[in-house]
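Q: Each chain is listed here by its residues.
Number of protein chains: 2
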Amino acid sequence: MNTMQLEHDIQVLYQAQKSLAMVPLEVRNAFLKRLAEELERRSEEIFLANAADLLEAQQAGLATPLLKRLKFDIAKLKSACEGILQISGLPDPIHRVLEQRELDEGLILTRESCPIGVIGMIFESRPDALIQIASLCMKSGNGIVLKGGSEALQTNRALTAIYKDVSRAMLPEAVGAAWITLIETRESVAQLLKMGEYIDLIIPRGSKQFVQYIMDNTSIAVLGHADGICHCYIDQSADMQKAIRVSVDAKCQYPAACNAIETILIHSDRAAEILPELSQALQREGVEIRGDEQVSSIISCLPANEDDWSTEYLDLIVSIRIVDSIEEAVRHINTYGSGHTDTIICELPENAEYFMDAVDAADVFWNCSTRFADGFRFGLGAEVGISTHKIHARGPVGLEGLISYKWKLRGAGHIVAEYTGEHARHFTHRELSLHKEHSGE
Amino acid sequence: MNTMQLEHDIQVLYQAQKSLAMVPLEVRNAFLKRLAEELERRSEEIFLANAADLLEAQQAGLATPLLKRLKFDIAKLKSACEGILQISGLPDPIHRVLEQRELDEGLILTRESCPIGVIGMIFESRPDALIQIASLCMKSGNGIVLKGGSEALQTNRALTAIYKDVSRAMLPEAVGAAWITLIETRESVAQLLKMGEYIDLIIPRGSKQFVQYIMDNTSIAVLGHADGICHCYIDQSADMQKAIRVSVDAKCQYPAACNAIETILIHSDRAAEILPELSQALQREGVEIRGDEQVSSIISCLPANEDDWSTEYLDLIVSIRIVDSIEEAVRHINTYGSGHTDTIICELPENAEYFMDAVDAADVFWNCSTRFADGFRFGLGAEVGISTHKIHARGPVGLEGLISYKWKLRGAGHIVAEYTGEHARHFTHRELSLHKEHSGE
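Going down the list, the sequences are from chains A and B. Just so we're aligned: 80 in my numbering is position 80 of the first sequence, and the numbers increase by one with no gaps anywhere. Quick note, my numbering runs 1000 ahead of the 1-based positions in the second sequence.
Quick caveat, the hints were computed from the structure, so don't treat them as lab data. Check each hint, because a few of them may be wrong.
Pairs of lysine-lysine, DSS-like flavour, derived with a Cα cap of 25 Å [stated by the list, open to error]:
#, chain 1, residue 1, chain 2, residue 2
1, A, Lys164, A, Lys33
2, A, Lys164, A, Lys208
3, B, Lys1076, B, Lys1164
4, B, Lys1164, B, Lys1078
5, A, Lys208, B, Lys1194
6, A, Lys194, B, Lys1208
7, B, Lys1208, B, Lys1068
8, B, Lys1194, A, Lys194
9, A, Lys78, A, Lys68
If you want the ones that stay clear, here's a sample from chain A, every Cβ over 12 Å from chain B, calculated [as the list claims (entries may be wrong)]:
#, residue
10, Leu316
11, His414
12, Thr428
Only a predicted model underlies this, so the values are computations on that prediction, with no experimental measurement involved. Even for Gly, the Cβ is constructed at its ideal location relative to N, Cα and C.
Bound-form chain A, shown alone (with noise of 0.2 Å):
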């Protein structure tokens, strides 16, 4: 695509959304029920254009973790049906009454969610991950672009195709097929992170350095996470099985994700205790153990580095640092952590409470394992990322981080000059209750 294809396209797709923005939620919800079984109906296509994918990518020499993530088979049709059908029983995001108030007699302001606008996904491998996001969209009244990863091209156009045919038949014509579009090569994502005025948020999903190069080169507001690397502090109060246990789950259950713990933190006064039991069931996962030199002193290990302190494995690798405080160990990850997810392993509340004040993180746990941290674990319903910002949504974030709102006062002829002045009217500013204005559903 040229870039004044693109440009073009996404201006065509940028006042789409204005008008996806007013389709009913019957019709949004009309609409997944359809793409589900479209996606059933036309599988063999999505199969066919996988395996031309997988086949390219074996004769590349891709890792098998990563052909994995890129292979799609019915299982995962199936999940990603079950997940379409979810999101179009959730209640309408959009058009809830969040705040209420009347400012004079007459004159009531009402704010109310609405969709943020166009969203620029940007993944890797996982074309699952295309069908997640662009259902969410749907139901949430936003557009987006999609760029997935090279490997994928030919699954992500053959799932595209199926989201545009659908549209074509569903939707009202000023939407049709254009509120989704798929872009294909790394100069249009480039382009993409450019085009400030028509793209309101990037989501990227991918590694470390991926989203970290998305950041750093756009102006645009990115939601997600460069960095995982989480802490596990074992208090002087802490109960030792409850500390073995944690720290064994936060590192092992799953150790390639970004809420695995990097580094363990450990009061000097319990060291000695829980060292030695604590390296056991770690080596018994097959851990490898770097530590500093008192933990040295205790149990055999490699040494770590200052550059462990900030090094997120995503491996079966963790390192370990004796401090003689809670202080010294919240200060250790406001320093060296990303503030993403940190858990404290201790008996006595007030310890806890404040670790969890002072730890500057998405995500502060207290006596349960860091990889709690997930959308689907909170409760949240659908994900669509983890974001270690302060803007916008922190942490897990669900259907909420495709919402934004809008102000909507409705008066009677009411002019600020009355308002000024010598016998300037006051305002009441009496709060309202709430009660949803579009029912919906």
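Based on these hints, arrange chain B on the given structure of chain A.
A: Just chain B, lined up with the frame of chain A:
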């Protein structure tokens, strides 16, 4: 300040903010009360500094309106101190429990408000802006980097010195005076815009060009708006007197404001009837009218060209265009508008609702003046800015623009491994009623 010194100061500020976030509400409120006292006690210092700024500005030939904004007198000081005391009386914006959910027995998830972190506030001229934003940051536990207009440098230095002295007297040593800093040069601003690691949000206040420069030159989130191209659409079903009354207020009550209208759209069926009286009313207030061809055939006016539809006059000038339908009006606004504030004058509720849903703007009004788009008039208390972005906060933004949240999860040794595999435990995901965790006051 050289670049290394600035980097060091910001790093120290970044750490100090983490301690500020832990300062109890009573201490933050006591700080504000003491601050108001000290500002009054040391008013001579401030006025002397301001007199020096004014003298230099006069010698440099600064325009009278700018001199008026720069002048900081007893009236402005009194009103600033009243503002501070009001802020000290507000409920705690942090430590509020926003959401609470049982994930499983003994595993309780809480979403709790917290400071954003470090705010970069870049403003022009008005020294009272410094007092307001720094006080809001103290209340909400945020660190603040301030850059005022160079013409107000000595006043801003005097004000910052008082903040720092009160900080040393009232705050824990780990915070001290380090949570607030004043930077003084354009080079420092350029450097600040690149310090995304330490700065969480930039709030620029000033001219359109100034805000646009900030937005174009940082990957840090920016709260604000560059353009305020606001519209009044007079519908087929409009009440003529409301149309005239609101148009005149929205254009003339304070034409230099961002929420003043620049364009009036009028339905073709009503143009011949309404335009003559409307133009008389506007001309009585000294407004220059620029109309499209059809408008010119009804009233005498200057011709409007394509550029007029996207020009923010900030002056007693208005462009008028005739449209054939409400859809055309919406299309015009979504094409040329800046997503700030737009109003419809009409008697048919269905037209009003259509307009308010279809116009993609922060504020969409019905039968009232766009000039109501303001944090104080909306009843938000303090205003930190008006945002035309759809991320984080939109429209007039109160204290909640300085607030983020964190997720706290409290368990009893819970691990994720138990929720996977064949005998997986199931999440209960039971919503819990909200109660204030820290009553605070």
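Q: Are the hints correct? Go through all of them and say.
A: Hints, verified against the model:
no.: 1; hint: A:Lys164 x A:Lys33; result: holds, 14 Å
no.: 2; hint: A:Lys164 x A:Lys208; result: violated, 31 Å
no.: 3; hint: B:Lys1076 x B:Lys1164; result: holds, 21 Å
no.: 4; hint: B:Lys1164 x B:Lys1078; result: holds, 20 Å
no.: 5; hint: A:Lys208 x B:Lys1194; result: holds, 20 Å
no.: 6; hint: A:Lys194 x B:Lys1208; result: holds, 20 Å
no.: 7; hint: B:Lys1208 x B:Lys1068; result: holds, 20 Å
no.: 8; hint: B:Lys1194 x A:Lys194; result: holds, 17 Å
no.: 9; hint: A:Lys78 x A:Lys68; result: holds, 17 Å
no.: 10; hint: Leu316; result: holds, 15 Å
no.: 11; hint: His414; result: violated, 4 Å
no.: 12; hint: Thr428; result: violated, 9 Å
Consistency with the previously given hints fails for numbers 2, 11 and 12, ordered from lowest to highest.
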